[in-house]
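J.: Guided by the hints, dock chain B onto chain A, whose structure is given.
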Amino acid sequence: MTVPNMYALVGVGLLCMGLYGLVMHSHLVRKILALNVSGSGVFLFLVALADQTPGPTPDPVPHAMVLTGIVVAVSATALALALACRIQQVNGTLRLSDNEPE
Amino acid sequence: MSLNEVLQPMSLPAWLVALPLLAAGLSVVMPRCSVWTAFFSAITTPFLVVCLGREIFFHGSIEIHVGGWQTPLGISLYADGLSTAMLGVTALVFGIVTFYARPYFSGHAVARHFWPLWLFLWSALNALFLSADIFNLYVTLELLGLSAVALVALSQTGDALTAAMRYLLVSLTGSLMYLMGVAFLYAANGTLSLKMLAIVGPASPSVVTAFALMAAGLIMKSALFPMHFWLPPAHANAPAPVSAVLSALVVKASFYILVRLWVMLFEPSIPAIVAQLLGILGMAAIIWGSVQALLAERLKLLVAYSTVAQIGYLFLVFPLSLLPQVGKTAWQGGLYFLFSHACAKSAVFLAAGTVIHTFGHDRINELHGIVRRLPVSMFAFGLAGVSLIGLPPSGGFIAKWLYLNASLSGGQWWWGVLIILGGLMSTAYIFRFFSRAFSHSEEIVGERPAPRGMEWTAFTLALCSLILGLIPGSVIKMLEIGNPF
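Protein sequence lines, in the order shown, are assigned to chains A and B. Everything in the first sequence is counted per my numbering, starting at 75 for the first residue and increasing by one. Everything in the second sequence is counted per my numbering, starting at 10 for the first residue and increasing by one.
Don't read these hints as lab results, they were simulated from the structure. Where is the CB? At the ideal position from N, CA and C, for every residue including glycine. Don't take every hint at face value.
Said to hold, decoys possible - Partial list, derived from the structure: chain A residues whose beta carbon lies under 10 angstroms from chain B:
1) G129
2) I161
3) L170
The following block holds chain A by itself, in its conformation from the complex (with noise of 0.2 angstroms):
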């Protein structure tokens, strides 16, 4: 197996840890965490993406996808985090609570 593929294959299996984290855990901030993870393992299959194309200068078109993907992840998870804090404050609890309003 060529290593590029190897980080493809990494790239894929971090997104299903991440999104199974997702799933299984409660607390708001490992929510979080996990969809970092799931973030980062795309952006890594992305990375892998740019060795596809003959000659030795990689593809550029992925890796400007992978910096504006970067851009729009850390805004998201500032976003995540603002809100966690705020329901910190307002529920007493990091948890979503799993009762939905009436």
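T.: What follows is chain B alone, placed relative to chain A:
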């Protein structure tokens, strides 16, 4: 730069994204002028959409490369009949709801945060409908999700914050799955442009994987049953103008992406059974959403569950469009459904917001005889209800008529039965509220009078959903431009 240069046809799509974005930036910097920048945007953006519509009506669809950068590194914007119609309904709903939001938020401290987010949301929607490549669609989806979540959290009550958090987690998961699908498509075809992807060869395992990932992500974001759990709390706890555009437009944006991808890329390579499965999920959504709406204790929750049901109708378009010879009718029906539901549902949410504003609560069982206090709002609710049920002469009727036509002439009559059953169930939940609202009651306690602007904006939107029923010919002609189907 003269006005003619600014308004030259090729720069119209760029202005449609830039104008609300500039207004949003301005309202962050100068919060005191934020209402006026929003009003400015609410008047000029629909005007630009009309200019764009006129342009593509006479000269066909247009594509521009922003800043002169070609693909793959530049960003291109593309406008055909479908995207212009989506821009049009967005401009209509946002334009009218903006005038509702001013009295709704007047004197509230949150208004300061509302206006910039509102304009960001508008800009994200416009950019999404104009995107010509699948990665740009991802970025606009995220922009849309982030501003929508922030708007849901605006009231900062415990319920609203929890609903916003749940919405954010679902939205981010959906986008990540969509992005993974983008990566698979790029790996298989080496391009991101929708147009280039449309002409690439036969199905490969990576295209099928890409479809599975993208469809799963977009279904989560459009709240199709069984991924609808986040929608009712989020839409019921948001401020009324926000609930209106979330139900009317934001859930439809991810449905729009799925339609585009399906028509341009996936239809030939995905087995027909998948379309049937999407239709069956839609059927489950119609039944489940209607039953929950019938059981809801609160008016806004009733309306939110009605949205869950109506999203089910949208997904019936996938099995119906595969029937021989009626594919086009089915697509027209699906999109007509989208437009009329956008107008009707935003009107209903605005009327429900007026009820809460006036009486301080929305417990259906305690709203006896409110029609005497809020005649215009209840009239708007009724007109919009006509469209939601699908009675003539409304947009909802045309949509259901096109669907029924497709299902009967295509030989799959059971979808037709479901459509009629769904109409009956929506009649039941709308009249459950009306039987209270119109009942005789001696004392009606209202805390404060409803501003007239709030009542009449809801009425205007409800009227639009009826007018859609009178002009089906021109709307369908518009949709045909550039042959999106």
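J.: If you take the shortest Cβ to Cβ gap from L170(A) to chain B, is it below 10 angstroms?
T.: Because about 6 angstroms separates L170(A) from the closest Cβ in chain B, which is inside the 10 angstroms limit, the hint holds.
J.: Can I161(A) be said to touch chain B, with a Cβ gap under 10 angstroms?
T.: 5 angstroms, holds
J.: For the restraint on G129(A), tell me whether the closest CB of chain B is nearer than 10 angstroms.
T.: Violated - the Cβ of G129(A) stays beyond 10 angstroms from chain B, reaching only about 14 angstroms at its closest.
Violated hints amount to a single one, hint 1; each of the other numbered hints is respected by the structure.
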